[in-house]
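Engineer: Sequence:
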Amino acid sequence: MTSNTPKEHPVSNATATAETKRPTVRNPGEDLPNQPLPVMETRALNVFYGDFHAVHDVDLKFGRHEITALIGPSGCGKSTVLRCLNRMNDLVPSARVEGTVLYHDIDVYGPKVDPIEVRRHIGMVFQKANPFPKSIYDNVAYGPRVIGMKVDSMDDHVEQCLRSAALWDEVKDKLKESGYSLSGGQQQRLCIARAIATKPDIILMDEPCSALDPIATSAIEDLMLNLREEYTIIIVTHNMQQAARVSDRTAFFTARPDETTGNRTGLLVEFDKTSKIFGTPSDKRTEDYISGRFG
Numbered sequence: 001m002t003s004n005t006p007k008e009h010p011v012s013n014a015t016a017t018a019e020t021k022r023p024t025v026r027n028p029g030e031d032l033p034n035q036p037l038p039v040m041e042t043r044a045l046n047v048f049y050g051d052f053h054a055v056h057d058v059d060l061k062f063g064r065h066e067i068t069a070l071i072g073p074s075g076c077g078k079s080t081v082l083r084c085l086n087r088m089n090d091l092v093p094s095a096r097v098e099g100t101v102l103y104h105d106i107d108v109y110g111p112k113v114d115p116i117e118v119r120r121h122i123g124m125v126f127q128k129a130n131p132f133p134k135s136i137y138d139n140v141a142y143g144p145r146v147i148g149m150k151v152d153s154m155d156d157h158v159e160q161c162l163r164s165a166a167l168w169d170e171v172k173d174k175l176k177e178s179g180y181s182l183s184g185g186q187q188q189r190l191c192i193a194r195a196i197a198t199k200p201d202i203i204l205m206d207e208p209c210s211a212l213d214p215i216a217t218s219a220i221e222d223l224m225l226n227l228r229e230e231y232t233i234i235i236v237t238h239n240m241q242q243a244a245r246v247s248d249r250t251a252f253f254t255a256r257p258d259e260t261t262g263n264r265t266g267l268l269v270e271f272d273k274t275s276k277i278f279g280t281p282s283d284k285r286t287e288d289y290i291s292g293r294f295g
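Numbering (UniProt numbering), first residue to last: 1 to 295.
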């Protein structure tokens with residue numbers, strides 16, 4: 001990015017009448033150390049769309065090689081916060097971000113920071129699979145070509161990305177076919193392969209399994225657990241069981257209605273190890289949500 005950027009910092013939802021069983025935590029988290037030095041952090045993050053205050057004072061830290069789940073009812077600002085992390089909200093004309101978003105201690109909203117470069121290092125997978133209208137091969141190769149990324153062999157790079165996305169064995173004999181020819185779950189894994197093709201540091205996932213069947217969802221979850229070895233992953237999900245299964249830490253959001261306008265402003269209620277959030281949450285609002293008493 002800018003010349004003063006250090007080389008090592010590349011970016012210069014019914015009420016329950018009985019007790020509801022909580023989701024089983026697949027990653028218990030008891031062995032997690034205190035959170036490592038964050039690779040990314042928000043400080044007093046506020047987001048506005050015009051006069052609408054969408055998110056209020058969010059402070060979060062995301063540890064390297066951890067999966068963080070953002071959960072909460074619809075309209076609580078989870079996806080808005082996620083999109084702030086790689087400046088996707090820049091694409092919304094009325095959006096305004098206040099506060100600080102740090103990536104390796106660099107303010108990604110700094111005046112000399114290129115948002116395209118930010119998105120290179122902080123990739124995103126969207127709710128609905130959106131492969132390019134290109135071949136399977138070119139879906140993966142497109143990003144590296146556009147940014148001029150040097151690889152020894154594009155064929156090898158495409159293969160490695162597809163292997164990392166657990167898709168290679170299913171598509172290796174039809175790489176020239178359209179990405180649209182794949183099933184929904186395969187398309188989402190292709191989008192993950194495309195996201196990691198530019199060698200990002202962080203992968204953002206906005207409800208990546210919401211349109212998938214249970215089998216495809218399981219495949220994506222297993223993939224996330226494998227990718228955690230190389231990437232930091234931040235996921236928005238409405239699926240409490242999914243958050244419990246895959247994440248190391250969980251942030252619970254809720255929304256506060258404005259008595260005058262009726263608009264709802266998103267608030268961060270609690271952020272902790274997933275085992276703590278789903279086992280012994282500190283805030284009653286978290287307890288009520290994960291137990292199904294509201295949402």
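No lab work stands behind these hints, which were simulated from the structure alone.
What you are looking at is a predicted structure, and each value in this text was computed from that prediction instead of being measured.
Using N, Cα and C, we set each Cβ at its ideal position, and we do this for glycine too.
Careful: at least some of the hints might be erroneous.
Lysine-lysine pairs mimicking PhoX-like chemistry, simulated, CA-CA at most 20 angstroms apart [claimed, not checked]: (1) LYS276 x LYS61; (2) LYS174 x LYS134; (3) LYS199 x LYS150; (4) LYS112 x LYS176; (5) LYS134 x LYS172.
Simulated restraints, written as ranges between beta carbons of each label pair [stated by the list, open to error]: (6) GLU98 x PRO133: 49 to 57 angstroms; (7) PRO133 x ARG43: 24 to 32 angstroms; (8) PRO214 x ARG256: 28 to 36 angstroms; (9) ASN263 x LYS134: 36 to 44 angstroms; (10) PRO214 x ASP288: 37 to 45 angstroms; (11) SER181 x LYS112: 22 to 30 angstroms; (12) ASP107 x SER178: 39 to 47 angstroms; (13) SER74 x LEU225: 22 to 30 angstroms; (14) PRO115 x THR261: 45 to 53 angstroms; (15) ASP105 x SER74: 30 to 38 angstroms; (16) ASP283 x ASN263: 36 to 44 angstroms.
Engineer: Hints first: check each against the structure and report whether it holds.
Structural biologist: Hints versus structure:
Simply put, LYS276 and LYS61 have alpha-carbon atoms about 16 angstroms apart, close enough for the 20 angstroms limit, and the pair holds. Distance restraint check for LYS174 and LYS134: the Cα-Cα separation of roughly 13 angstroms lies within the 20 angstroms cut-off, and the hinted pair is therefore satisfied. Taking the CA atoms of LYS199 and LYS150, the gap is near 11 angstroms; set against the 20 angstroms cutoff, the hint holds. At most 20 angstroms may separate the alpha-carbon atoms for a hinted pair to count; LYS112 and LYS176 exceed this at roughly 40 angstroms.
Annotation: proposed proximity of LYS134 to LYS172 holds, straight-line Cα distance about 16 angstroms (limit 20 angstroms). Checked against the hint of 49 to 57 angstroms, the pair GLU98 and PRO133 fails, with Cβ atoms roughly 37 angstroms apart. At roughly 40 angstroms, the beta-carbon separation of PRO133 and ARG43 lies outside the given 24 to 32 angstroms, and the hint is violated. The hinted window of 28 to 36 angstroms between PRO214 and ARG256 holds, with their beta carbons roughly 34 angstroms apart.
Distance hint check for ASN263 and LYS134: the Cβ-Cβ separation is about 40 angstroms, which falls inside the suggested range of 36 to 44 angstroms. For PRO214 and ASP288, the hinted distance range of 37 to 45 angstroms is not satisfied, since their beta carbons lie about 27 angstroms from each other. For SER181 and LYS112, the hinted distance range of 22 to 30 angstroms is not satisfied, since their beta carbons lie about 43 angstroms from each other. Take ASP107 and SER178: their Cβ atoms lie about 40 angstroms apart, and the range 39 to 47 angstroms holds.
At about 26 angstroms, the CB distance of SER74 to LEU225 agrees with the hint of 22 to 30 angstroms. Our hint of 45 to 53 angstroms for PRO115 and THR261 is violated, since their Cβ atoms are close to 30 angstroms apart. At roughly 33 angstroms, the beta carbons of ASP105 and SER74 sit within the given window of 30 to 38 angstroms. Taking 36 to 44 angstroms as the suggested C-beta distance range, the pair ASP283 and ASN263 does not conform, at roughly 23 angstroms.
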